[in-house]
Each structure stands twice: as C-alpha cells, then as structure tokens.
Amino acid sequence: MRAIQISYLNEMRVIVLFLLFLPLSLFAQKISPLDYGLAQAKTGIERYRILLTTHKLALEKGLTVDYTGIKELDIEIPIDGCSIPLGYNTDFKGLILNVTNKRKNIYLFKMNQNLIPISISKQEFCSLSYLHREEFKYGDKLLVIEDKTPWVKNRIGYAYGAMRKDVLLISDAKVVNSPVASYNTLASQPQFKYCSVDQNEKIIDGITINRMESSTCMTRCFLIENQNRVTISNVIINTPVNALYGDAAISLQNCTNSLLKDIVINGTYSQLKRYGYGIMFNNLWNTTILRLKGDGKWGIFGNNNVNVAHLKDCCINRFDIHCYGRDIDFENCTIFRLYNQYSSIYGKISYRNCVFDAAIPCLLTSSYNAYTPFDLFFENCIMKMTSLNDGIIYIMGIPKQENERFELAKKCLPNIKIDNCQIEFKEPLKECYIFKSDTQRLPISFGYISQIVLNKIDISSDAVVCKISNIDLFTDDVIDYKMEKLSTKGSNKISPIVVQSGK
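Number 104 in the numbering used here belongs to position 104 of the sequence shown; there are no gaps in the numbering.
Keep in mind that the hints were calculated from the coordinates and are not lab data. Watch out, some of these pointers could steer you wrong.
Here are the simulated EDC-like cross-link-like pairs (lysine to aspartate or glutamate), alpha carbons at most 20 angstroms apart as the crow flies [stated by the list, open to error]:
1) K71 x D35
2) K410 x E424
3) K110 x D172
4) K384 x D458
5) K56 x E46
6) K42 x D91
7) K137 x D91
8) K193 x D262
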C-alpha cells in the first residue's frame, strides 16, 4: 500500500486502519502498461499487445491509461492487429512511439461509437417536427444525414462520385447548427442515424509517432468517429520517404466542435501523383485547427462535407474541400507550394493576414462539376507568385454538361474582395491575374458573381501587368467593379475589365 505510507504518522492511524479495509479498486483511477509487463516485453509485437490490452481494460472499467515513466517504445503491428481503443482522456506524456508495420494497413488508435439508424421523413426533417421524438428530447445527440441521391453521380476521370453528408448537434430538442445546403429539394433522399454525445472534452495529447522506414504497410495514426468536443494536441507524426500511398494519418468522421492544435506532420504515405493525406475530414461541423505544421507530397488535407472550419497560425501546403462545404476562414496562415482546392462550396471563404508562398489561394476543381455560389475575401495577405502560380482564383476546364442535380446545374463564380494585400513575384513575370483559366474559352455564362472589389493592392513590380482575367469571362449579371487606392506601381497596370455580362 504505497499510497498510504503516511500511516506511520500517529495522527493518521485511525484513518489508515479504515482505508486498509477498503477495496483497492476504489483507489485505482488509472492503469499503466507497466502493470501488464511492458518493461519485460521482448518484441515489438508483445509491446503492441500490452498497449492494446491496457487500453481495452481501461475502456471497460472507465479508467484512464497512465503513461508516466514510459518515454519511448518500439512496437510492431501483428497480422491479427486491430486499432487500440482510446477513452475520453489519453495523455501520452510525451511518448515517442516507433511503429513498424509489415502486416496490414491499420489505424493505430481509434475513438468511436456506433450510430443507430432512425426513420425520419424528409417532411419531418425539414419542418423540425422530428425533434419532438423521445430520442431527441433530452441530452445531446448527433444526427448524421446522408443523401442517398448522389450529389455528384460521376466524378470526371474517376470511377466514383460524391455523396453529401451533414452532421447536426442537437441539445435538449434544439438544433445547434444547420446543414451545408437544404434537403428540401425534389432530388434529396436524406437518411438518418444518430448517437448520444455529451459536452465533456475528449483529449488526446502528447505523442510522437515515427512510422518506420522498414514498414511495407500503412499505419494510419488516429481514427475519430461520431464524437463531440474532441481535442487532439501536441502530436508529431514523422513519415520517411516511401513508395506507399492512400494515407489518412489523422481521420475525423461525423464529428462536431473538434479542436486540433500544435500538430506537426512531416511527410505522408503519398506520392506526387498518388493521393495520401496527413489529415482527412469527412462530415464535420465547427472544426478549429491551431498551429498546425504539415507537408506531404500530395497535400496535407483531403476533406469532404466540411461545415464551418477555422484555421489559425498554420503552415501547410494544401487545404481542400473535395466536395460540399461551407464557411472556411484562415487567419495568420502560410500556404506553400501547392493550392487550396474547392468544389461545391457555400457561404464564405476568408483569408486574413495570410501568406501564399508559390501557392494558389483558390483552385476551383472541375472534376466534380459543382460550381456553387460563395464569397471570397482576402485581407492583409501576401501572394508570392511564380509562373506556375500566377493567379488568385484558378478556374480549371469547365465541363460543358450540366450536373444532374438541379442544385448544381447552374455554374457560379464567387464574389471577390481583396483588401490591403501585396502581390510579390518570386521570379520574373509579365502578367498576373485575379482569375485564371487553363482553357482559351469557357463556353458558359456564370451565375452569382456580381462584385469584384480591389482595394489597396500593392503590386511589387512595375514590369508586371495585373489583369482581371487571362480570358473573357461571361456572367449573368453586370459586375460591380470597385478599384480604389491601388499602389503607384500597380495602379496603371490593372488591365481594362475583361469580365462582361453574358445577357
């Protein structure tokens, strides 16, 4: 009974005698892998199994796993390996975990719970009458929505399309948030699942995961599913140069109010022409990312169905929403080398005090054929351009055919406001652009766009002509242009208006 060595003090004798008759389990709020033979384990597979056993027992008994005194571990994934389950408070205490995997692709750690199917008609959902059901009257629930009518039936150049999803947080019969876009349409066929959650913070903190060079299979690190208020912090993931692809080192699905902070991702399982991501989101609402540093060959983020996200003080080579999202804001972020890619985005994308270092701020991808209305804002930003990144908004080749979904039939461009920004050049250029397309002519008239505001733009070189667009753009509405307080060098370099009404 090490915990009660004070029993030798005379004034504590009575208390200690009482404590000695209590079960030891009443004192055990934590268990350690050291209690299950970790120090004596001789192989990486043995050490993996001890971690798995410890975490399973902790979850069953409602305890936390104590990593005190465990500084570094070498583990290996066995052929029968499975994800190690995480409870609601896992502090790895700065553990360095060296992972070898030659057996199977696997998520190393997971936090999840099951969803329960529930039958709700589209009319019930849109009228909110479903909130009167017993399942939603009390407590906190996640309602996960999937539209069984494809949002995009066929992604151009791929063997799949896109299904839109939303997740709603419901608290005591009140909906906290809204879907990205309405389900009250003829084509929509929403289906529903739910689970109970709470307002307690779930914490994963303090670990470095080194994915070892000798590995021939992928060890993705964290899978978080169907949760509210998860915080992942102080995590470093190191991945050596490799031939693997298809990574999702940190994956969050069907989550609300998530926080990722102080995360470093050095490399991913990806190649220049084969996908793989450091972070993958699918169906999230209200996600905050602070002080993330990440680089990977394909790009750090690969997301779908993201509703409200905030990035601050990050340094990354890519953020994207492949398809379906709303309201993304960046503050004090640096985007380098690649691009931020969007499709089927609504609401607003805003950048404040950001740097784009040889990176495209907004690439509208064509493969989903989903050009939805949104507003794009830049404030106090710096664009460092090269010959490969000489535009602010890139419009990839526009498919002539309409999307089969009525909601996506009209192709739109965003309103744009650029305020108090600098355009610099990392190499000699003749021209730069607000809009740039890789085709000679776009065979359509765009909707939604009605305003372009350029205010206090400082163009660093008087040898560069800044144009609104590199090709003629046709729009349904006459554009309201506002160009004010442009720099001396750049004021006479803004070309005549190229965008024109297509009516």
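Item to complete: Starting from K384, check that the Cα of D458 is at most 20 angstroms away, please.
Response: holds, 12 angstroms
Q. Between K110 and D172, does the CA-CA distance stay at or below 20 angstroms?
A. Status violated; Cα separation ~28 angstroms.
Checklist line | Restraint status (C-alpha distance of K71 to D35 at most 20 angstroms) | finding: Given pair K71, D35 holds - Cα atoms ~16 angstroms apart, limit 20 angstroms.
Holds or violated: are the alpha carbons of K137 and D91 at most 20 angstroms from each other? Violated, because 34 angstroms separates the two Cα atoms, which is more than 20 angstroms.
Hinted pair K410 and E424, Cα distance within 20 angstroms:
Distance of about 35 angstroms is beyond 20 angstroms: violated.
Next item on the list: Given the hint that K42 pairs with D91, test it: the Cα-Cα distance must not exceed 20 angstroms.
Entry: With a Cα-Cα distance of about 25 angstroms, the restraint between K42 and D91 is violated, given a limit of 20 angstroms.
For a C-alpha distance cap of 20 angstroms, please report whether K193 and D262 respect it. violated, 32 angstroms
| task | For the pair supplied as a hint, K56 and E46, confirm whether the alpha-carbon distance does not exceed 20 angstroms. | result | At roughly 15 angstroms apart (the allowed maximum being 20 angstroms), E46 and K56 satisfy the hint.
The structure does not agree with the numbered hints 2, 3, 6, 7 and 8 stated previously, though it agrees with the rest.
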